[in-house]
Amino acid sequence: MNDSIRPGVPAGLRDMLPAEAAQARYLEEKIRGVFELWGYGEVVTPILEFETTLAPASAAREGQDLFGFLDRDGKLLALRPEMTTAIARVAAERLAGEPPPHRLYYVGDVFRQDESQEGQGRQFKQAGIELIGEGNAYADAEVILLLCECLAAAGLNEFSVGVGQIDFLRAQLRALPISDDGRSVLKEALARHNRVAFEAGLRAMVADDDTVVKAMASLSLRGGADVLEAAKELALSDDALAAVDHLETVFGLVRQEGGAGRVLVDLGIIRRFDYYTGVLFDAYAAPLGFPIGGGGRYDNLLGDFGRPGQAAGFAIGLERLHIALEESGAAPRPEVARYFVYDETEPARAMSAATLFRRDGHSATCYLRPISAKLAARLAGPGAKVVRASDILEQE
Amino acid sequence: MSKADNSKLKVALAKGSLLSPTLEVLGKIGFDITGLQDIGRKLMISTSQADFVIARASDVPTFVEHGAVDIGFVGKDVLMESEKDVFELLDLGYGKCVFALAEAAGASARTAGRYARLGHVRVATKYPKVAERYFTSRGRQIEIIKLYGSVELAPLVGLADQIVDLVSTGKTLAENHLVVVEEIAPVSCRLIANYVSYKLKCSPIDALVAELRAVVR
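Taken in sequence, the protein lines are chains A and B.
If you're matching positions, the first sequence starts at 1 in the working numbering and goes up one per residue.
If you're matching positions, the second sequence starts at 397 in the working numbering and goes up one per residue.
Just so you know, the hints here were simulated from the structure itself, not pulled from any lab data.
Among the hints, a few may not be true.
[Stated by the list, open to error] 30 Å max Cα-Cα, derived DSSO-like pairs, lysine-lysine:
no.	chain 1	residue 1	chain 2	residue 2
1	B	Lys522	B	Lys480
2	B	Lys480	A	Lys187
3	B	Lys492	A	Lys214
4	B	Lys404	A	Lys214
5	A	Lys374	A	Lys385
For reference, chain B alone in the conformation it holds in the complex (with noise of 0.2 Å):
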């Protein structure tokens, strides 16, 4: 990829759901995703519009935050773990569920007991950092247990007290008995920008930003 172009853009798209959405609105605004709507096995498609990356949700903030790439589409959740330092643009509405601290139903008599002898709570979630700044604000004491699967797993089998986790619909907290104590942040798509990419190829960017902003309201 040429670094003098200045041009076209760099993107990262974020693997997994937010993908066929992201995909969807750059149809609309008038690139040509053809090549990109199914890529197998490719990781990188050259248009005539800009360059994609296709990566890993989660390491799309890192491709940004180092100039690897422009600009780049991914979720909240993934932005606020990441805590990378990046230009977050536009909130493009698609993709939305929330953070939310959940626990067995009929649980919180016993939480509170336990956080009354023993000064903190047991808190499994695939987010620790997003645990802990929202129990931190609470002035709050816990004991993260950092899990990559299934979450609501963790009260069930007495692993934990709670769960910070995201919730869409919350049909998988339903059927496992579980229910929302707090909702910690609202999470939807983002467009996120690289800090000299934003400043030096300020007229593409503003000009994605504006057509984006158009069709997502």
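This is chain A alone, in the form it adopts within the complex (with noise of 0.2 Å):
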């Protein structure tokens, strides 16, 4: 056996086997059931796309991550490492003629060079929404809804939505009497988390002490609806204040169909890209480290494919969601009847039996062989059965 070639599989990339296959099958069918039943239908779109098509959200992920490669034509292709651009590019080059609004929905993997981290290698699937030509608040509310709807749907019971809004801290830092690349060392510094590197900035940049403490605190706003009344005193613009009075009418509205006790607010999310507009979101299961899903409203990316637009939408990675089910012991265990039908003398019976079983819509394999229950439960969970096909054929 010295010489057999066991190649395995490129780093970040993995096989799924029938149990874990089975159960990533039965979430991705809940959450594309709480799609349809929101009215979205469903699109898709090719894993390939120009290089230039998806390049104005990798770019701003610091251009590394894509994986990329020369067709025959010589044109650059590069494989899709998220899912809104090519909805995007759908929405103004294939229905630029319907009316809007559009409710489009997907589920397809996705690939990234990045390292991996948890429940994200480097190619992992992602299922979400985008809701283009609508701008208000009501559809701000109702992406939000949907996001906690598929969470609940796939039976997680704990978790939270952070709901931000990138205007509130663009509009604090445009009201800094500071230069634009100082803002954009200050935005450097939000994008990398890097919450020592903004004050530095700022309190060089900044002498007045109550401007460094109000744009200090406006980071760390996050918590129950009470924050967003200690952001309307921390705001240093009207442009800001209108910013927390949109989010709280949002706030309204979701806490109107019951998802208060779902959504926090988080006024300190910021997202790298700069197509970013109004509210922005994150999804987190307390056992996980790393956010499940997330998403946002992008008003600047449609423009990008010469027709702008509005657009909100979110994606959730559904290998985090699965990972975030079972270390909350909420995984779920799709249950499937399955015969294991065996006749040791005569194994043509054993096929006649299972075609019985597979006429009435049961699921049925065949042995030659008796087999113990131990390994029955084993292949299809304890709702396995064993039968001995002579037994059922002479009873008929």
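With the hints as a guide, bring the two chains together.
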């Protein structure tokens, strides 16, 4: 056996065997069901796109994470690192003649060269939606409520969705008496989650201590709805105040539909992508140190494809959701009653008996020899039943 | 460790020179650190106020990034080299030193000549990512020689032209006839937090930051 080939798979990629695949598909179906219930239609886009299509988003993500290559015509192609850009392309190119809004969903694999993280290898599956052509608080609330609904439907009992508003921090930064270069330095520190560099830069550029304290405190605004009141106190401009008011309206709508217990205010959320324009949110499940999903409003993305338009959406990392469910003991165990049919004397009878079970809509497999109940349970869970064909056929 | 316990923080402390000043500030803000003073071979210590994990410094950012602990106390040097995605919340002010580019005294002409004729210089370091970022930002190409021990040796034996290393007093450099060419970045102990913990355990973390801020200033 020494010269057998065992190539394995490239780092960050892996196989899924039946037990996991069945659960993963079950989760996926649950989430698809919610999307359909809310009137969203599925879009399937190619795994490969022109690199220039994907570049606006990926360049902002430091550019190193695309899997790219040349095709025979010398065109630069890339594997999609996320789905939103492709959906924006579809909306701009394919749905341009249709009356908005468009409610679209997707379930698909995405690919990144980044170092793998928990539940996020170099290939991982995302399920998400985009609500295109609506730019109001109702649309924002719908997207947030739909995310909550998906996580609940998947069986996750404890999760939180932190909701922020990028316009608030942008307005706060704009209100500071500093140069555009200085603002870029501060934005970069925020994107890196580096509060130390942010504060050092701020103190070096802004002399007024009250402004510094307010700007610093703005970053830590997270918690219940009372945080919105604190945010109003800290607002450095009317724009910042308007951003908080908008978030308050969204929260009111979310609360009205019963999402209050699951949603937190988090005005410190920030993303590297410049195309985000309004609400921003992340979903957390306490056992996992990484968000299991997130999204926001990105009214600046569609313009990249020549058709400016409003849009909001989210993506859920299905593998991370699966891990969170498993860790909290709430992982779905899709119950399949499967019959293991054997006949040690006349194997053909096992085939006939299995056919009968299948006609009735039960899953059945044939064995030439008796199979232990223990093995059957290992293969198909506690719902497995072992049946001797002759016993069944004689009863008929 | 119960994951449902929302109030008690899980804290990673870096072994080594930062451990005792970190315990000192934790003591100052009211943490019971008696069990932490002499830990022996123990790796985890639970108190009524927090669960402590004592880890190798270079592992602390990894523990925090994955959410195995909520927060960590670790040097900026380790943080810069690890490139992990964590919240850097506070500069604690102790463990001060500096990342510096150094070379043998009087070697600058030779290094410049080498760069002009060969297009790169050889730089020995324990911090290849820090060195690479620094030189890339300067538009200079280098060959990095990763070492694990006394980096000061490299220029003395002709293994490298320059070194990137941590300098605190400058004594080791001086004893080996090395001089600082440029200071790259100041280093000190930092408080870091996991992304999700920072959101979900906001009250204990904000309280801790406020208390630490008061004693380290």
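Here's how the hints hold up against the structure:
1. B:Lys522 / B:Lys480: Holds. B:Lys522 to B:Lys480 sits at ~17 Å (cutoff 30 Å).
2. B:Lys480 / A:Lys187: Holds. B:Lys480 to A:Lys187 sits at ~18 Å (cutoff 30 Å).
3. B:Lys492 / A:Lys214: Satisfied, since the Cα-Cα distance of roughly 28 Å is no more than 30 Å.
4. B:Lys404 / A:Lys214: Satisfied, since the Cα-Cα distance of roughly 28 Å is no more than 30 Å.
5. A:Lys374 / A:Lys385: Satisfied, since the Cα-Cα distance of roughly 10 Å is no more than 30 Å.
Checked against the numbered hints given earlier, this structure breaks none of them.
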